[in-house]
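Student: So the chains spell out like this:
Protein chains: 2
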Amino acid sequence: MKLKEIKLEDLKPTEFIEQKTKDISSAVADSLAVNALSGGVDSSVVTMLGHKALGRRLKTYFIENGLMRQDEPQRIVSIFKDLGVQVDIIDAKKEFFGALKGLTDPEEKREAITQAFYKNVFARLVRESKAHYLLQGTNYTDVEETVAGVKRQHNILEQLGIDTQKEFGYKVIEPIIELRKSGVRAVARALGLPEELFNRPPFPGPALAARVIGEVTPDRVELARLATKVVEEELSSTKAFQYLAILHEDKVTGMRDGKRDFGFQIEVRCWDSVDALTGSPTKLSFETLQRLSSRITTEVPGVVSVTYNIATKPPSTIEAV
Amino acid sequence: MKLKEIKLEDLKPTEFIEQKTKDISSAVADSLAVNALSGGVDSSVVTMLGHKALGRRLKTYFIENGLMRQDEPQRIVSIFKDLGVQVDIIDAKKEFFGALKGLTDPEEKREAITQAFYKNVFARLVRESKAHYLLQGTNYTDVEETVAGVKRQHNILEQLGIDTQKEFGYKVIEPIIELRKSGVRAVARALGLPEELFNRPPFPGPALAARVIGEVTPDRVELARLATKVVEEELSSTKAFQYLAILHEDKVTGMRDGKRDFGFQIEVRCWDSVDALTGSPTKLSFETLQRLSSRITTEVPGVVSVTYNIATKPPSTIEAV
Numbered sequence: 010m011k012l013k014e015i016k017l018e019d020l021k022p023t024e025f026i027e028q029k030t031k032d033i034s035s036a037v038a039d040s041l042a043v044n045a046l047s048g049g050v051d052s053s054v055v056t057m058l059g060h061k062a063l064g065r066r067l068k069t070y071f072i073e074n075g076l077m078r079q080d081e082p083q084r085i086v087s088i089f090k091d092l093g094v095q096v097d098i099i100d101a102k103k104e105f106f107g108a109l110k111g112l113t114d115p116e117e118k119r120e121a122i123t124q125a126f127y128k129n130v131f132a133r134l135v136r137e138s139k140a141h142y143l144l145q146g147t148n149y150t151d152v153e154e155t156v157a158g159v160k161r162q163h164n165i166l167e168q169l170g171i172d173t174q175k176e177f178g179y180k181v182i183e184p185i186i187e188l189r190k191s192g193v194r195a196v197a198r199a200l201g202l203p204e205e206l207f208n209r210p211p212f213p214g215p216a217l218a219a220r221v222i223g224e225v226t227p228d229r230v231e232l233a234r235l236a237t238k239v240v241e242e243e244l245s246s247t248k249a250f251q252y253l254a255i256l257h258e259d260k261v262t263g264m265r266d267g268k269r270d271f272g273f274q275i276e277v278r279c280w281d282s283v284d285a286l287t288g289s290p291t292k293l294s295f296e297t298l299q300r301l302s303s304r305i306t307t308e309v310p311g312v313v314s315v316t317y318n319i320a321t322k323p324p325s326t327i328e329a330v
Numbered sequence: 010m011k012l013k014e015i016k017l018e019d020l021k022p023t024e025f026i027e028q029k030t031k032d033i034s035s036a037v038a039d040s041l042a043v044n045a046l047s048g049g050v051d052s053s054v055v056t057m058l059g060h061k062a063l064g065r066r067l068k069t070y071f072i073e074n075g076l077m078r079q080d081e082p083q084r085i086v087s088i089f090k091d092l093g094v095q096v097d098i099i100d101a102k103k104e105f106f107g108a109l110k111g112l113t114d115p116e117e118k119r120e121a122i123t124q125a126f127y128k129n130v131f132a133r134l135v136r137e138s139k140a141h142y143l144l145q146g147t148n149y150t151d152v153e154e155t156v157a158g159v160k161r162q163h164n165i166l167e168q169l170g171i172d173t174q175k176e177f178g179y180k181v182i183e184p185i186i187e188l189r190k191s192g193v194r195a196v197a198r199a200l201g202l203p204e205e206l207f208n209r210p211p212f213p214g215p216a217l218a219a220r221v222i223g224e225v226t227p228d229r230v231e232l233a234r235l236a237t238k239v240v241e242e243e244l245s246s247t248k249a250f251q252y253l254a255i256l257h258e259d260k261v262t263g264m265r266d267g268k269r270d271f272g273f274q275i276e277v278r279c280w281d282s283v284d285a286l287t288g289s290p291t292k293l294s295f296e297t298l299q300r301l302s303s304r305i306t307t308e309v310p311g312v313v314s315v316t317y318n319i320a321t322k323p324p325s326t327i328e329a330v
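Chains as they are written, first to last, in my numbering: chain W, 10 to 330; chain U, 10 to 330.
Treat the hints with care, as some may be off.
Which copy? The list can't say, so a pair holds if one copy fits it or any two copies do.
What the hints assert, rightly or not - Computed list of lysine-lysine pairs in DSBU-like fashion (alpha-carbon distance at most 35 Å, straight line):
id	residue 1	residue 2
1	Lys110	Lys292
2	Lys292	Lys238
3	Lys31	Lys180
4	Lys268	Lys128
5	Lys268	Lys110
The set of hints was computed from the structure by calculation and includes no laboratory data.
With these hints in hand, go ahead and build the complete structure from the sequences.
Tutor: Structure below.
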């Protein structure tokens, strides 16, 4: 497949939506399709395109992997219900945490999540649904970074030469693969998706597992989740490209009740970026940084230390894991 | 021993120096004393007091433990040579790194350094010198923090009920134990110590071992040393209470030559504080933070990520280890 980017200035959202709806219709024909909705702008746009093309012949699942933001499943389902799209929540927490048990290497963690997602959870859903098509939210930056070896995207198996038909039992359709994030947002707007959905900072495929250095356990994810809540509440007004909280594995010395004690460290990152390929730390005020630190050390149990990322990408990456 | 603080406003440096010189003279009488000079203001003041009291009957050693800042031994020896005090450098790198091998717990690391210092290196020097007295730079904040359980100071064995005479073969004299850092600095000034010495940010007892999370090896100390050099060069003009670079054990994702790669993270801390008991991060400009990050990722091999501490003490501590 020869892939060509549609640049933002060349994108006509309404025409794009019509074309993709037609493409999906003719590809799936009178068969069934499924897709997984994460609540990110990519999978939200794909859900709406699929819904327009297939109506009830598209089955949309929200897979609760235990790695999402607080109250995320209910929130997303409710937004799509208002748009007339039914989304089923699948509780797969045990499968994901089982797959992640004992792993500390970031690549192995990503791979475990990919495998749990495709081989276990999704393959089962597809079998049960009798669908032969899977709609995926792969975008152009994912492709570039995967090709460059920067990132192993979990949603781009075909690009890597993996035959999903043979290996997983279904065929993947990627309607937004020619768009970068800014293009996806423009299409989201044209689709009538609510602002709160498509203007949120990007959330990575491995979700909060990408925000935990070291082993990903339910307890450690919960700490990252609480810190994420603070960071998103405090930084949503900054209009930064992305902001995130990372739970470190290193423990550092702190003080509790006047005594020496070891505790956790949370690293906050907030990025200025256009396309995630390069980025620099947002120049937050010290007032904001202090409020972040004060809230995180108060609201996240066991945290005694908070840092702010000051490195650019490159040589850093947006995420730490 | 009932210990009483001499507050800065009650301190008369010249009288203090006379009194302590007399005390040391009468305690040591016609015997010999030794002391270890680290180059910090505490041990520098003690060296000068001991030198005034005992002249050549005080033997001063600079113990090269492999954990000091770049070029530190030569620099310190040269400063004291100019003041008429001879200081001998003792190469004890092997003993310290041997004692630290395999240790990752901060308490165990501190303890290993203490034991290597007292039981191995210093006990040997004292035996060889035939001295029965050891001059130590314990100050009032050390005592308070040790009593409160916040910190296990390596230079306050007697306060903890350890009989140094019996256990290590010599008696400890602590001339500045009634002073806090500000008082020690005032005495340093009155003793004619050069500004560059007593106005430097405090450096902890375990030196760069306190700046390495996880195992302390020569290679890892070297990374912390290079980062420390950058931080001290960039932040010496800030007049902050203390500034430091910490090498984390956690590795994070970064990019090298356009490819994904794991690398090291350095955490920078810069503190506003009066007495180290409480502190808050210095409000550095983003220009300074960017320069720190850019220099550290360029000058310290393998570093892909740099953070700045934004937590206060408490619940953080000044140092991480």
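Student: With reference to the structure, classify each hint as holding or not holding.
Tutor: Going down the list of hints, with the structure as the test:
{"no.": "1", "hint": "Lys110 x Lys292", "in the structure": "neither (37 Å within a copy, 41 Å between copies)"}
{"no.": "2", "hint": "Lys292 x Lys238", "in the structure": "both (20 Å within a copy, 25 Å between copies)"}
{"no.": "3", "hint": "Lys31 x Lys180", "in the structure": "within (17 Å within a copy, 90 Å between copies)"}
{"no.": "4", "hint": "Lys268 x Lys128", "in the structure": "between (49 Å within a copy, 28 Å between copies)"}
{"no.": "5", "hint": "Lys268 x Lys110", "in the structure": "both (33 Å within a copy, 28 Å between copies)"}
Hint 1 alone, counting from the list given before, is not met by this structure.
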